[in-house]
Amino acid sequence: MPPDDTDPIADDLGAPDASHAPDGDWPSMADDVYLGGDAELASGDSYDPYPAAGDTDEGAEQRELERRVDEGRTPVYPLDDRRRLPLPGLWRRWRAFAMRGRADMVDDFGRDPIATARWEWVLDFLYSKWFRTEVRGLEHVPAHGRAILIANHAGSLPYDSAMLLHAIRRDHPSRRDVRPLVEDAVFHLPWLGPLMNRIGGVRACPENAVRLLEKDELIAVFPEGVKGMSKLWRDRYRLQRFGRGGFVKLALKTGAPIIPVAVIGAEEALPLLGRVTWFAKSVGLPYVPVTPTFPWLGPAGLLPLPSKWKIAFGPPIDLAGEYGAAAAEDRLLVGRLAEQIRGQVQAMVDDLRR
Amino acid sequence: MATVSVGNARPRRAQGRVVAITGACTYLGTELIKRLEEDRRYAKVLVLDVKAPAILAAGTTKARFFPIDLTQPTIDGDIATLLQREQVDTVVHGAFLSHPTHATEWAHEFEDVGTMHVMNACAAAGPARVVMVSTTMAYGAHPENPNFLDERAELRGHQDSRFINDKVRAEKQAARFAREHPHVQVATLRFAPILGPTINNLHTRFFSRVTAPVMAGHDPLMQFVHEQDAAWALKRAVDSDAVGPFNIVGKGVLPYTTVLALMGRVPVPLPFLLARSIAKALWATQIVSTAPSLLDYLLYVCVADGSRATRDLGFTARFSIKRTILDFVGASPEDGATDVASSFA
Chain L
16 MPPDDTDPIA
26 DDLGAPDASH
36 APDGDWPSMA
46 DDVYLGGDAE
56 LASGDSYDPY
66 PAAGDTDEGA
76 EQRELERRVD
86 EGRTPVYPLD
96 DRRRLPLPGL
106 WRRWRAFAMR
116 GRADMVDDFG
126 RDPIATARWE
136 WVLDFLYSKW
146 FRTEVRGLEH
156 VPAHGRAILI
166 ANHAGSLPYD
176 SAMLLHAIRR
186 DHPSRRDVRP
196 LVEDAVFHLP
206 WLGPLMNRIG
216 GVRACPENAV
226 RLLEKDELIA
236 VFPEGVKGMS
246 KLWRDRYRLQ
256 RFGRGGFVKL
266 ALKTGAPIIP
276 VAVIGAEEAL
286 PLLGRVTWFA
296 KSVGLPYVPV
306 TPTFPWLGPA
316 GLLPLPSKWK
326 IAFGPPIDLA
336 GEYGAAAAED
346 RLLVGRLAEQ
356 IRGQVQAMVD
366 DLRR
Chain Z
27 MATVSVGNAR
37 PRRAQGRVVA
47 ITGACTYLGT
57 ELIKRLEEDR
67 RYAKVLVLDV
77 KAPAILAAGT
87 TKARFFPIDL
97 TQPTIDGDIA
107 TLLQREQVDT
117 VVHGAFLSHP
127 THATEWAHEF
137 EDVGTMHVMN
147 ACAAAGPARV
157 VMVSTTMAYG
167 AHPENPNFLD
177 ERAELRGHQD
187 SRFINDKVRA
197 EKQAARFARE
207 HPHVQVATLR
217 FAPILGPTIN
227 NLHTRFFSRV
237 TAPVMAGHDP
247 LMQFVHEQDA
257 AWALKRAVDS
267 DAVGPFNIVG
277 KGVLPYTTVL
287 ALMGRVPVPL
297 PFLLARSIAK
307 ALWATQIVST
317 APSLLDYLLY
327 VCVADGSRAT
337 RDLGFTARFS
347 IKRTILDFVG
357 ASPEDGATDV
367 ASSFA
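Chains L and Z supply the protein sequences, listed in that same order. Residue numbers for the first sequence follow the numbering used here, so the first one is 16 and each next one is one higher. Residue numbers for the second sequence follow the numbering used here, so the first one is 27 and each next one is one higher.
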């Protein structure tokens, strides 16, 4: 970059660096400044990215900084100032112990690759042994690029989003990761919420969805939300209202194709006989589920029954190509499209039950 | 290109600039003085604080100390006179507390009313540029926060944290000043929690203890910025022409419990209601100076998006969150930490 002679303020330390852009993958350590070792501490060096007085070269500031980054040097501090705890040996051992089962890097939305790998066998057991899941139409899921999976939602716990996530990670040739958008009622549940977050779940809100799609991720949306999860046994397989059509706006704005998905089996895994609400509000839950096993068997009652699961993916629907991005402002059209897609998922559910 | 052209005129000198810094004794203030000393574009640095920062005793050539107490009632007139007499073109307002205090009345006078005094002085003296230091904590930790808050997000603060709300009010004053004086460039830097080996603030004190409370079943993502990155960002903001709020954040996020594990701290899981009662009792008895309302930041995510600073300010953090944490505790990366690459090998 040539130095700008007219405006010395314009000389730039570093062009906005592509490495900072959220690019979907794990943050790379390669571009990180790294303290080479304690040997360099002796040099009495201090952070000095600016040229000495008398240096009239405009580009010197940037060159100096680049040189320091290239040499892998960081600011150097007196070791006394560092905040190590007493008993360094014990401290180091405790740290190694505490870091078991978790990665020291997560992606922008908090998915932890080691925690994901650690829970893999649980999901795989549920998917292949317990639920004996059958999958159809996986070829409709693109191997790369943004897309929105629109699925029905049932069962009082989000087993269906975990199975959808695992189906694509296990059986799709691309092995790509799905980012399920998790409704607040589940996302802020103690233990379950953080666990969902570590294995790929993201809090459902438009900002997060747009950010994920702009990184060309595959997201899964359950537009029925909590209303879908809290469907009673008598309403099983009957899809609830599809939110307020936020997913249609999302598809129109970001140009992501919509892939309708039907999941059946979740209804029987935790058949919801009733919902208790008077007690639930005080513990921060939307409702306390009553199933044949819960709360009678305690927490063990939340384990799913071994129902037979089927997941079907439909052909992608390109809304943005058909209606254009501006159509996102047309409330009537958005409502109509949402209802149309709901009908499509309902038809796929009915088809799977046959 | 990082430098943006702003519509209004820039009467600021390209060479021989004069900078006034409030809160010069803070880490950021002192680092800024160091950097301005080394930059030949700056002729004079006015150090405004109640006491002279230690760096002045170490021998500085451009910096001159003026004792200013922002809590005094007519200090705005004194500052205005000073700014006019020394022909200051850039005012850096960094006089904020880095840690809650039990003297909440004084803190309010210092942060909120102090900002009013600085803004009044700026309105009277008319510097070309005002840079204010703020924090991403001003967005508040709320259950409905998206994973990344950008600068357009509302500053919601916390319903009963005076520490946070004084900063929100100070920012609102700066925003109003910017609206009423469109010819003055006003930039606000919202720093993510700053960690580093030398800085002393709320977060470094919190993480320096052996144990740390964890809200049972909650594990929000956290974000930090390295102290050197923060100081560099402040210097860039003084150099630059960019206006408006900027989130100054580090690279990457980590869950709170992973942060504690990387630091080798012992997590103490507590139910939120119990933790809040304990924190309130400790606060009331003045045993600790960490306000109970700050427990919300252990419950919900409060992470900001720094892409505007990258685009308009040319600031990109050079330290990842892992390096920042390891630098804070003084550990080398091989020191007992796991690694993604090795786990998948």
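None of these hints come from the bench; they were simulated from the model. Some hints here could point you the wrong way.
Now the stretches of chain L that chain Z is said to cover, found in silico as 3 or more residues with beta-carbon under 8 Å [what the hints assert, rightly or not]:
| hint | stretch |
| --- | --- |
| 1 | 108-115 |
| 2 | 322-329 |
Selected chain L positions facing chain Z (Cβ under 7 Å, derived; list incomplete) [as the list claims (entries may be wrong)]:
| hint | residue |
| --- | --- |
| 3 | Asp119 |
| 4 | Trp134 |
| 5 | Trp206 |
| 6 | Glu222 |
| 7 | Val225 |
| 8 | Trp248 |
None of these values were measured; they are calculated from a predicted model. Cβ coordinates follow ideal geometry from the N, Cα and C atoms, glycine included.
Checked hints:
no.: 1; hint: 108-115; result: holds (count 7)
no.: 2; hint: 322-329; result: violated (count 0)
no.: 3; hint: Asp119; result: 5 Å, holds
no.: 4; hint: Trp134; result: 14 Å, violated
no.: 5; hint: Trp206; result: 4 Å, holds
no.: 6; hint: Glu222; result: 4 Å, holds
no.: 7; hint: Val225; result: 9 Å, violated
no.: 8; hint: Trp248; result: 29 Å, violated
Figure legend: structure checked against the earlier numbered hints; hints not met, in rising order: 2, 4, 7, 8.
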